[in-house]
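Take the sequences, apply the hints, and build the full model.
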Amino acid sequence: MAEVITRWNSAVWLALLLAMGALAANFAFFVNPPLQAALPWLSLLLAIAALVVLAIGLRRALFHGQVYRGKVSSIVLGVLILMFAGASLFVFYHARALPNSTAAPQVGQQAPDFTLADSSGQFVSLENLFASAPNDPSLPAPKALLLIFYRGYW
Amino acid sequence: MRGLEKRLREFQAVGVRPVAISVDPPAVSLDLSKKAGYTFTILSDPDATVIRRYHLLHVDGGPDGRDIARPAEFLIDREKTVRWANFAEDVRVRARADEMLAAASQLH
Numbered sequence: 032m033a034e035v036i037t038r039w040n041s042a043v044w045l046a047l048l049l050a051m052g053a054l055a056a057n058f059a060f061f062v063n064p065p066l067q068a069a070l071p072w073l074s075l076l077l078a079i080a081a082l083v084v085l086a087i088g089l090r091r092a093l094f095h096g097q098v099y100r101g102k103v104s105s106i107v108l109g110v111l112i113l114m115f116a117g118a119s120l121f122v123f124y125h126a127r128a129l130p131n132s133t134a135a136p137q138v139g140q141q142a143p144d145f146t147l148a149d150s151s152g153q154f155v156s157l158e159n160l161f162a163s164a165p166n167d168p169s170l171p172a173p174k175a176l177l178l179i180f181y182r183g184y185w
Numbered sequence: 863m864r865g866l867e868k869r870l871r872e873f874q875a876v877g878v879r880p881v882a883i884s885v886d887p888p889a890v891s892l893d894l895s896k897k898a899g900y901t902f903t904i905l906s907d908p909d910a911t912v913i914r915r916y917h918l919l920h921v922d923g924g925p926d927g928r929d930i931a932r933p934a935e936f937l938i939d940r941e942k943t944v945r946w947a948n949f950a951e952d953v954r955v956r957a958r959a960d961e962m963l964a965a966a967s968q969l970h
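Sequence order for the protein chains is R and W. Going left to right, the first sequence walks through residues 32 to 185 as my numbering numbers them. Going left to right, the second sequence walks through residues 863 to 970 as my numbering numbers them.
One should not assume that every hint holds.
As the list claims (entries may be wrong) - Okay, the calculated bits of chain W under chain R, using three or more residues with CB under 8 Å as the criterion:
(1) 876-888
(2) 910-917
(3) 935-944
Stated by the list, open to error - A few chain R positions that, by computed beta-carbon distances, are all more than 10 Å from chain W:
(4) W39
(5) W44
(6) L47
(7) L48
(8) I79
(9) I87
(10) L93
(11) Q97
(12) V103
(13) V107
(14) G109
(15) F121
(16) R127
(17) L129
(18) A175
(19) R182
What the hints assert, rightly or not - Chain W is nowhere near these chain R residues, computed Cβ spacing over 10 Å in every case:
(20) L45
(21) A55
(22) L70
(23) F94
(24) H95
(25) I106
(26) M114
(27) G117
(28) L120
(29) A134
To be clear, the hints were calculated from the coordinates, so they are not data collected in a lab. Note that the structure is a prediction, hence the values are computed from the model and not measured. We put the beta carbon where it would ideally sit given N, CA and C, even for glycine.
Take a look at the structure:
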């Protein structure tokens, strides 16, 4: 009588690795790497790959249980992988859900004037900003301003 | 903005003054400057008046449903003409300091 040999369900573990990679890509932004523009796409790719490989793994575990062992562990890992990949896809979508910028000033156009309070509460205009270099009166007045609009809530 | 602070002297050397703008009130910006060691000017637009004027309003973009600025960077010369602009497509992918410095260096 032939002995039943069950195989290790490697697909589920590979899917876990891919899902962890997808999640990790979202944390790589903190080190501000040179190719950071590729990170969202890397994360998306890894998350999708994780889901595909997970589908293969679950199919093995659930429908070919006589060949592959670890039905329960596959399901537990599957839930974990779904959470990781899901979080990555969620972040991918939300980080890119930005209003379009077609109405914003473009190269060659005039930048609108403004007067706003600085962090000490003092009001400054575009003219004031052009008038002097900050913190160092010995420096010549700036010839250009770099306006950086950011989301805030730091 | 950490990269910006690190290379602030290089910006000054090419005659460019970086100015950051958000809906954060002055006290929050002051706190950020202190914590992060930022010495460049940070302006407050709590009602998003200027952000709206620049057509950069991200309605409902804040964590508590407040209207905030979508990330964007502009290089503006003394005639107030936009010489370079960058609009982030992903909130996590911002213009890098070296990118902005390259644009700044090309101004005359």
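Structure-based check of each hint:
1. Check result for the region 876-888 of chain W against chain R: holds, 11 residues qualifying (beta carbon to beta carbon below 8 Å, three or more required).
2. Counting residues of the region 910-917 of chain W whose CB lies closer than 8 Å to any CB of chain R gives 6, so the stated coverage by that chain holds, three being the minimum.
3. Look at the region 935-944 of chain W against chain R: 9 of its residues bring a Cβ nearer than 8 Å to a Cβ of that chain, three or more, so the hint holds.
4. The beta carbon of R:W39 sits about 37 Å from the closest Cβ of chain W, which is more than 10 Å, so the claim that it is off the interface holds.
5. Distance check on R:W44: its Cβ is at least 29 Å (rounded) from any Cβ of chain W, clearing the 10 Å threshold; non-interface status holds.
6. Every Cβ of chain W is farther than 10 Å from the Cβ of R:L47; the closest lies at roughly 24 Å, confirming the non-interface assignment.
7. The Cβ of R:L48 sits about 23 Å from the closest Cβ of chain W, beyond the 10 Å cut-off, so the non-interface label holds.
8. Annotated as non-interface, R:I79 keeps its C-beta farther than 10 Å from every C-beta of chain W; the closest such distance is 17 Å.
9. Distance check on R:I87: its Cβ is at least 30 Å (rounded) from any Cβ of chain W, clearing the 10 Å threshold; non-interface status holds.
10. At roughly 37 Å, the least C-beta separation between R:L93 and chain W is larger than 10 Å, which holds for a residue marked as non-interface.
11. Distance check on R:Q97: its Cβ is at least 46 Å (rounded) from any Cβ of chain W, clearing the 10 Å threshold; non-interface status holds.
12. Every CB of chain W lies more than 10 Å from the CB of R:V103, the least distance being 37 Å, so the non-interface label holds.
13. The Cβ of R:V107 sits about 31 Å from the closest Cβ of chain W, beyond the 10 Å cut-off, so the non-interface label holds.
14. No Cβ of chain W comes within 10 Å of the Cβ of R:G109; the nearest lies about 28 Å off, and the non-interface call holds.
15. For R:F121, the shortest C-beta to C-beta distance to chain W comes to about 14 Å, beyond the 10 Å cut-off, and the non-interface label holds.
16. Here R:R127 does not stay apart from chain W, with its beta-carbon only about 5 Å from theirs, under the 10 Å limit.
17. Interface exclusion of R:L129 from chain W breaks down, the closest Cβ pair being 5 Å apart, not more than 10 Å.
18. Its closest Cβ contact with chain W, about 5 Å, brings R:A175 to no more than 10 Å, contrary to its assignment away from the interface.
19. Consistency note on R:R182: stated as away from chain W, yet its beta-carbon is not over 10 Å from all of that chain's, at 5 Å minimum.
20. Every CB of chain W is more than 10 Å from the CB of R:L45 (nearest about 27 Å), matching its label as outside the interface.
21. Consistency note on R:A55: stated as away from chain W, and its beta-carbon is indeed over 10 Å from all of that chain's, at 14 Å minimum.
22. The non-interface label for R:L70 is inconsistent with chain W: the shortest C-beta to C-beta separation is roughly 7 Å, within 10 Å.
23. With a closest Cβ-Cβ approach of about 39 Å to chain W, R:F94 is found to remain outside the 10 Å limit, as its non-interface label requires.
24. Residue placement check: R:H95 keeps its beta carbon more than 10 Å from all beta carbons of chain W (closest about 40 Å).
25. The Cβ of R:I106 sits about 33 Å from the closest Cβ of chain W, beyond the 10 Å cut-off, so the non-interface label holds.
26. The beta carbon of R:M114 sits about 20 Å from the closest Cβ of chain W, which is more than 10 Å, so the claim that it is off the interface holds.
27. With a minimum CB-CB distance of about 18 Å to chain W, R:G117 clears the 10 Å threshold, and the non-interface call stands.
28. Under the 10 Å C-beta cut-off, the non-interface status given to R:L120 relative to chain W holds; the minimum distance is some 14 Å.
29. A cut-off of 10 Å between C-beta atoms contradicts the statement that R:A134 is not in contact with chain W; the least separation is 4 Å.
Violated hints for the displayed structure, listed by number in ascending order: 16, 17, 18, 19, 22, 29.
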